[in-house]
Each structure stands twice: as structure tokens, then as C-alpha cells.
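Asker: Go by the hints and put chain B onto chain A.
Just so you know, the sequences run in chain order A and B.
No gaps in the numbering here: position 19 of the first sequence is 19 in this note's numbering, and each next residue is one more.
No gaps in the numbering here: position 267 of the second sequence is 267 in this note's numbering, and each next residue is one more.
Rather than coming from a laboratory, the hints here were simulated on the basis of the structure.
Among the hints, erroneous ones may be present.
Heads up, incomplete: computed chain A residues facing chain B, CB under 7 Å, no partners named [to be verified]:
hint, residue
1, L4
2, V35
3, N40
4, H64
5, F65
For each residue, glycine too, the CB sits at the ideal point set by N, CA and C.
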Amino acid sequence: MPDLSITLNGRPRSVPGPATLDDLLRGLGLDARTVVVEHNRCIVRRPKLGETALAAGDSVELVHFVGGG
Amino acid sequence: MTGTLPATESALDTPLEIGGRAFRSRLMVGTGKYRSSADMVRAIEASGAEIVTVAVRRVDLDRSKDESILHHLPPDQYFLLANTAGCYSADEAIRYARLAREAGFNDFVKLEVIGDRETLLPDTEGLLTAARELVADGFKVLAYSNDDLIMALRLEDAGCAAVMPLASPIGSGLGLLNPYSIRTIKRRLGVPVVVDAGVGTASDACVTMEQGVDGILMNTALAEARDPVTMAWAMRRAVEAGRAAFLAGRMPRREVAVPSSPTKGLLE
Numbered sequence: 001m002p003d004l005s006i007t008l009n010g011r012p013r014s015v016p017g018p019a020t021l022d023d024l025l026r027g028l029g030l031d032a033r034t035v036v037v038e039h040n041r042c043i044v045r046r047p048k049l050g051e052t053a054l055a056a057g058d059s060v061e062l063v064h065f066v067g068g069g
Numbered sequence: 001m002t003g004t005l006p007a008t009e010s011a012l013d014t015p016l017e018i019g020g021r022a023f024r025s026r027l028m029v030g031t032g033k034y035r036s037s038a039d040m041v042r043a044i045e046a047s048g049a050e051i052v053t054v055a056v057r058r059v060d061l062d063r064s065k066d067e068s069i070l071h072h073l074p075p076d077q078y079f080l081l082a083n084t085a086g087c088y089s090a091d092e093a094i095r096y097a098r099l100a101r102e103a104g105f106n107d108f109v110k111l112e113v114i115g116d117r118e119t120l121l122p123d124t125e126g127l128l129t130a131a132r133e134l135v136a137d138g139f140k141v142l143a144y145s146n147d148d149l150i151m152a153l154r155l156e157d158a159g160c161a162a163v164m165p166l167a168s169p170i171g172s173g174l175g176l177l178n179p180y181s182i183r184t185i186k187r188r189l190g191v192p193v194v195v196d197a198g199v200g201t202a203s204d205a206c207v208t209m210e211q212g213v214d215g216i217l218m219n220t221a222l223a224e225a226r227d228p229v230t231m232a233w234a235m236r237r238a239v240e241a242g243r244a245a246f247l248a249g250r251m252p253r254r255e256v257a258v259p260s261s262p263t264k265g266l267l268e
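The following block holds chain A by itself, in its conformation from the complex (with noise of 0.2 Å):
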């Protein structure tokens, strides 16, 4: 399979393909329990990252918690 284009973080990203949400963050060597997942708008629970698959074009938000008033 091609590799897939995304829009991660507002911004064009090339990740290999098959690739599930948790492959994605792997692959950034992030740990999903310090991270939100938002995939094309919609939040997608921890549990569920395993099972959600990519596809070409689609829009993923990776979140956390930073300083703040």
C-alpha cells in the first residue's frame, strides 16, 4: 500500500500505509496517554486508536496539555 497524505497538526504529512492511529503515534514516539486524538473532527477515544484506520486525506489533531491561565 502507497504511502497515505494526511493533514497532521494543520500541516501535510506522508505516513506508510496501512496505518491505524496508533501506528501514527508510534511512529511520532508519542504515548497515547498523554495525547487526545481528534480524526477528521471527531475525537477518538484510547481504546478505539488501534481499530481507527487512516485514509488518504484525512485530518488529524494531536493534542495535549501545555501551561495555561
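Answerer: Positioned in the frame of chain A, the structure of chain B alone reads:
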């Protein structure tokens, strides 16, 4: 407590209850703008705060190290209150609130819907819309508001767990600009009133608590102090002193002097 000295500072007061949870400290602090994470952690410890606010932002994928604030603030030690800072519409704020809840700590949110980039004053219309939707979605909403009684009443009607009127604009350090408004809001609302934003130094915090409000949330006053840890120490005591003074009930203001020493028994 009348006439007796409390054994401890906490005996002066009842716990602060918000959204069904009780908190010892009436001082809440933000985690932004500190010069270092070590400064932040020490200042928060010195403040005695239990509720600590955090923001939701994209993970910086260019950095190899995970910079999540949770590395510095153990969630079992602090009550993490996520904000929707930086949101300029109800829809954006709702999106951020849902992402924050998914992080899995609690269903509280400090709701901010900002209406103007220069003053960071709230967009009250968007705020009310977002508050209603988030309350319906099960959130405990603490709404950052202007110091307007009618808006505060509407936020309470919308089901907010607390209303957070400003003392003065975010990050301004101008102190409590309208004590009358804050007092009126406190007198008329049933839900807790926590003054958020604008406190610059300890006397501001003390005067604010003397209005009878339930608590204060501050960030810049600590983060931008030359010595954040010492300022946090001062703020903790100012909040406690202001609260105690409110509970004690101040003497009336008079336009004339009244002698403190007996007027009888003076020498002829």
C-alpha cells in the same frame, strides 16, 4: 468561631464547593508564562492552590521531547482545570472543552470565549451559547465573564457551576477595578463567584476577597513577579487574610473621626 482563635488557618473557613467537589484553598493558579517549569512548580506549591489551570494546544511535533505539562504537575496532586483560552467563538470553545475532557481528568472546564484581541474581554453572547451547550453535555462549567451582573445571572441560569468575573483584563495587573460590581454579583448569585484575571499584587487579592467572593484565580501576577515563589507565598496569605476579614465583618466607614481612647477621665 466568634471570639475564639482557630487552631489552624483552615479552621477559619468552610471548604469551597464547586460542581459537587470541595476544595480547601480559595486560590487557584494558572500555569502559563513562567520563566521555567521549576519556578512554576515551586510557586504553585507555595501558593497552596489545589485547582491549577492548563490550556489545550497542539503537540509540537518538531520537538523530540514531550512537553506536556503533566510531567511537572502530577494529576493526583492537583485538580487540573482545563481552559478554552484562545477561543474566539462558541464552537471553538466547545471543541477545546471536549478535547480537554478526553484527556480524562475531570469534566470541569474554565470556559473562555474571547471577543477582542486587545482587551481579551469575553464575547458574552458566544460565552452563553457555549455554556448552555457544555452544561447540556455534562460539563461543570466555570465561566470567565465580564463584571456584569446580568451576564452573571444568565450564566448561572444556564447551569454554570461557577461564574468567574474579571477584576480587570487578563494579564493587566490593574487590580480590582469595580468592587461594587463584584460585590453585587456575589450577593445575587447562588453559585460560587471566583474572580479571574487582573489581580496584580497581594493587596489586590486581599481587597478582592474582602468583597466576599468565593475565590480568586490568577496567573500572570505570579509568573511575571520578579520572584514568583515569594509572590505566591504572599498571595496565599492575602487570599486568606481577605477571606478572614470578610468573614469577620469590617467596621463601618465614617466621614468623621471617633476617638479610640476614653473621653472621660481627661485632666482638667
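Asker: None of the hints should be skipped; say for each whether it holds.
Answerer: Hint check:
1. Hint on A/L4 is violated. Least Cβ distance to chain B is approximately 16 Å, over the 7 Å limit.
2. At a threshold of 7 Å, the smallest CB-CB gap from A/V35 to chain B is about 6 Å, leaving the interface hint in force.
3. Checking A/N40 against chain B by beta carbon gives a least distance of about 13 Å; that is not within 7 Å, so the hint is violated.
4. A cut of 7 Å between beta carbons decides the hint on A/H64: the least distance to chain B is about 4 Å, and the hint holds.
5. Look at A/F65: its Cβ gets to within about 4 Å of chain B, closer than 7 Å, so that hint holds up.
Taken one by one, the earlier hints fail for this structure at numbers 1, 3, listed in ascending order.
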